Amino acid sequence: MSNTAQNFRLGLFVFAGVFIFILAVYFLGNRQNLFGDNVRISSVFKNVNGLQMGNNVRFAGVNVGTVRGITILNDTAINVDMLISEKTAQLIKKNALATITSDGLVGSMIVNIIPNDIFIEERIETGDTISSISKIATADMLTTLNTTNENAALLTQDLLRITNAINKGEGVLGALIKDEALLDDVKKSLSNLQQTTQTAKTSMFELNRIIKEVNFDDNIAGLLLKDTVSVRKLATVFDNLETSSKEIEQLTKNLNAFSETLKTNEGILNYALHDTIAVKNLDATLKNAEEASERLNENMEALKHNFLFRGYFRKLERQEAREERRQN
Amino acid sequence: MADKKSFLKNIGSFFEEVGDLSRFAGRFFKEAVSPPFEFRELLKQCYYMGNKSFFLVAVTGFILGVVFTLQTRPTLEEFGAVAWMPSMISISIVREIGPVIIALICAGRIGSSIGAELGSMKVTEQIDAMEVSGTNPFKFLVVTRIAATTLMIPLLVILGDFIALIGSAIIENMKGDVSFQLYFNQVFDALKFSDLMPATVKTFFFGFAIGLVGCYKGYNSKKGTAGVGKASNSAVVYTSMLLFIIDFIAVFVSDLFYS
Chain U
0 MSNTAQNFRL GLFVFAGVFI FILAVYFLGN RQNLFGDNVR ISSVFKNVNG LQMGNNVRFA
60 GVNVGTVRGI TILNDTAINV DMLISEKTAQ LIKKNALATI TSDGLVGSMI VNIIPNDIFI
120 EERIETGDTI SSISKIATAD MLTTLNTTNE NAALLTQDLL RITNAINKGE GVLGALIKDE
180 ALLDDVKKSL SNLQQTTQTA KTSMFELNRI IKEVNFDDNI AGLLLKDTVS VRKLATVFDN
240 LETSSKEIEQ LTKNLNAFSE TLKTNEGILN YALHDTIAVK NLDATLKNAE EASERLNENM
300 EALKHNFLFR GYFRKLERQE AREERRQN
Chain V
0 MADKKSFLKN IGSFFEEVGD LSRFAGRFFK EAVSPPFEFR ELLKQCYYMG NKSFFLVAVT
60 GFILGVVFTL QTRPTLEEFG AVAWMPSMIS ISIVREIGPV IIALICAGRI GSSIGAELGS
120 MKVTEQIDAM EVSGTNPFKF LVVTRIAATT LMIPLLVILG DFIALIGSAI IENMKGDVSF
180 QLYFNQVFDA LKFSDLMPAT VKTFFFGFAI GLVGCYKGYN SKKGTAGVGK ASNSAVVYTS
240 MLLFIIDFIA VFVSDLFYS
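Here the protein sequences line up with chains U and V, keeping their order.
In terms of numbering that gives the first Met the number 0, the first sequence is residues 0 to 327.
In terms of numbering that gives the first Met the number 0, the second sequence is residues 0 to 258.
Derived by calculation from the structure, the hints in this document are not laboratory data.
The structure displayed is predicted, hence computed values, not measured ones.
Be aware that a few hints might be false.
[Claimed, not checked] Below, a list of computed lysine to aspartate or glutamate pairs in the EDC-like style, where the Cα atoms sit at most 20 Å apart:
(1) V:221 / V:19
(2) V:222 / V:127
(3) U:86 / U:139
(4) V:191 / U:127
(5) V:191 / U:102
(6) V:222 / V:16
Same shape as in the complex, but just chain V (with noise of 0.2 Å):
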């Protein structure tokens, strides 16, 4: 009994909580139309989402296709079809595990900051006493956020996506003798604009996702330095969770749209 009345306390929350980050949302878009605009904060934290979560996703994109290829590399080598690697490598890549790695690296990177960040700036007071001083924090913290993450993020995509291939053609040139040459008109031989266009669109929701939801944990932190942490955990598992919805409905609604 005690369970149930838990499981549906639970149930609860969590649609009390997805409608406050709907409001939380829809505050966003009123905010980010109204001026005064900050561009300055927006610029300085896409420099901070952008140029500093690059070596990271460089890495991580490097070794994604170097991993991918050498993995996959000994199965098609079994049917006879290792000329095919290219062409799978990279719609893989392109469509699916570039994103979707990207943008759970940066959810890990930069939602779990974003959540700290506020969060300890909610409960040190700060966020109160920029309300007091005559400053929006809303619009200075978040909606600067939501925006930098939601324009970064699909450029940090779209570079991984490249490093990545560039991983895989040293290992298909090192393993196969494939020349860089062959190896990139074979990839664009493979991909269609069907492939890149709702890969690139869907991460701008992806960075809109990262974005809001580590605002608004660390918005609405509670309970003192707990609390940060707690936003801040909750900001990535969220994100992550929210990541993974949201490519499926990019995939269903890119699926109905090109077939």
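The shape of chain U in the complex, shown without the other chains (with noise of 0.2 Å):
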């Protein structure tokens, strides 16, 4: 075989070989997004379950990106670094939560991003941190479920316990199935109460057939039930009343204390109301006081016609006349 047949097999012997490997290459780089763009975002998680480097990180179910980054913070926060497609990023809000999965029962464990019932428009961008949500891993659900069985422990020692007591007869529950007596006394019991119960429900249907035959419609009753402004009228009313009855009990009592000081007291009035011979004196007088005020009023005539005090009265007429000007 001529040279260049050996290095044509042998070139695409290599390019063969070479082709496969570059392949290979591409696809697990694409599949862990080495190349393109992508978006690097984290998300602090309390435990992180064995989540290793190059886990898938899910959305909504589809691989998007891989973790590329795994940081402890502090004891109680650790931050993951994900890397996710650009394309698929565009989909994911600032608001999705992150939380950490296993993918089947015995499978990887995975990132999965799920979206939030809140919907924003902003999209998630390289440096946001989106908030994650710590789901019940297997270790939680075993030491639920140990305490889960030792509270089922405990209530079956219990239980055996008060069926055993019924056994012996102790108790009421235990009296009850053990002594005949008491079941008697009990079945007596109930008998009556089921009388009862029948004779409430015969009252109780006659009471319901009187309601129904009662007319609400044209009576004050239909009125009160239905229209609602006036029982509000109705009731403004009766508070009214209420305060016009408490003034009046007040004004009673006032009269009744001014009747008692009436008649306790010896004052003018007293005496106007219980003492005839003095009303009649009383009387004289008056007309008495009429007379003398009438003759002083023609005496005081005649002073102001008298030369001696004709001047002092004009004076006061002009004072007088003055002051009526100054007012004006």
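Build the complex from these two chains, which are given one at a time in their own frames, with help from the hints.
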């Protein structure tokens, strides 16, 4: 075989080997988001449950990226960096939630990004940190199951003790089962209760019938039940009535006190009410006073015209006239 | 007492041989970087070691994939984990079984042929004749062969792995109605760079070891034609052992790196 043919075959062989290797590298790189534009985001978890670098990141069940870094920040915070293809990142909002779950029952751990129920427009960008939620890990489930088992064991012990006591006829339940006399009493009580219930049922039925027979449309009860405006007015009337009755009560009390005072005291009203002679004297005195007053008026008129007092009265008239002008 | 002396002699000769081999390897690196370079001979050796071994590697790889899948399938079926078949087969083949099996086959075919060829040249004094004629026999015979195995074994392993996966995919398609697309999707889902890269890098060392031991045994063969057979045989045995040692070191180092 000529050298050229050998070289051609060798070249073909080398090309095939290198091509398959490059193809494998490309597919693996593509799966791990090593080629193309990516968005790097992070999330902080309390526990990553064995998550490793290179584990898948899923959004709505589709592989969209890989875990690129896990850093312990402190004893309760672990930062997980994720690389997500830019095309998919446009669909993930800033308020999306990250959670770490297992891929199947025995599969490797994955980061699952869940869309938030609250809709927002802002999409994730490089450097963003999305919130995380912790799902119950297998260890937690086993711990809970262990506690449940312990409780179930205690419950079973208690139940056993109770059933033993019942079998021995101890307590109310035991007595009910074992004591026949008590059982008869209970049966009688139940029978009485049944009769009472029957009577009550009949009474209720009767009462119901009576209520139904009453015509509520054309009477005050119907109005009160249906017309809310009238009910409010009626309430106001009752309020006013209450206030008035209180005031009347107070007035009555005051009048009583006043009348008591009139009865007991020796004032002029008491004489006016009870002493008839004094009333007559008083009437005569008032008449005399009226006559004296009329005569005094006549004397005063005569004084005005007297030459001794005429100047004084004119002076008074002038002063009054000046004050009237000032006021005007 | 005689056994003890014999054992100690064997131990001594083993270390002596390791020392000789190390010096031989040192000379290879020295000659490999100094001109003139025997490119034509290198291409010729690449053709004989690569192309001529491809059929053997392809058949072995295909059978490896088919048998491995057929043997594993019932066990996985018991656990209801047949869906994990592509992941398991691909990781096993790419990381470990493919490189080691194909390197062992190449050690048997290439290592023994190098040992026999150089051994016969040595016992028939052709190497001495080359030295007399002014040609550097080490550069022409050893450097080209070691370089050729170092370059060709990785390619053979890559092609062998691919053919093994195709064989596995055919069986999965027949037995489990898994399409080729789904099979290779699951293969690439399972594989990572940490699986592919260390496995590929170690195949260069495998190739180097196959060429080095074959050339060393052949170049240093003695005692006539019997020595040729011995050189050929010991080249395969030593290479196989060396391959496992290299594999152990490679796995250990890659585990340190990726953990």
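Hints and how they fare:
Restraint check for residue 221 of chain V and residue 19 of chain V: the C-alpha separation of about 15 Å stays at or below 20 Å, so the hint holds. Note on residue 222 of chain V and residue 127 of chain V: the hinted pairing holds, with a Cα-Cα distance of about 16 Å set against a maximum of 20 Å. Our distance criterion of 20 Å between C-alpha atoms is broken by residue 86 of chain U and residue 139 of chain U, whose separation comes to about 36 Å. Under the criterion of a C-alpha separation no larger than 20 Å, the hint pairing residue 191 of chain V with residue 127 of chain U is inconsistent with the structure, at around 27 Å.
Only pairs whose Cα atoms come within 20 Å are accepted, and residue 191 of chain V paired with residue 102 of chain U is accepted, the gap being roughly 17 Å. With a C-alpha separation of about 17 Å, the suggested pair residue 222 of chain V and residue 16 of chain V falls inside the 20 Å cut-off, and the hint holds.
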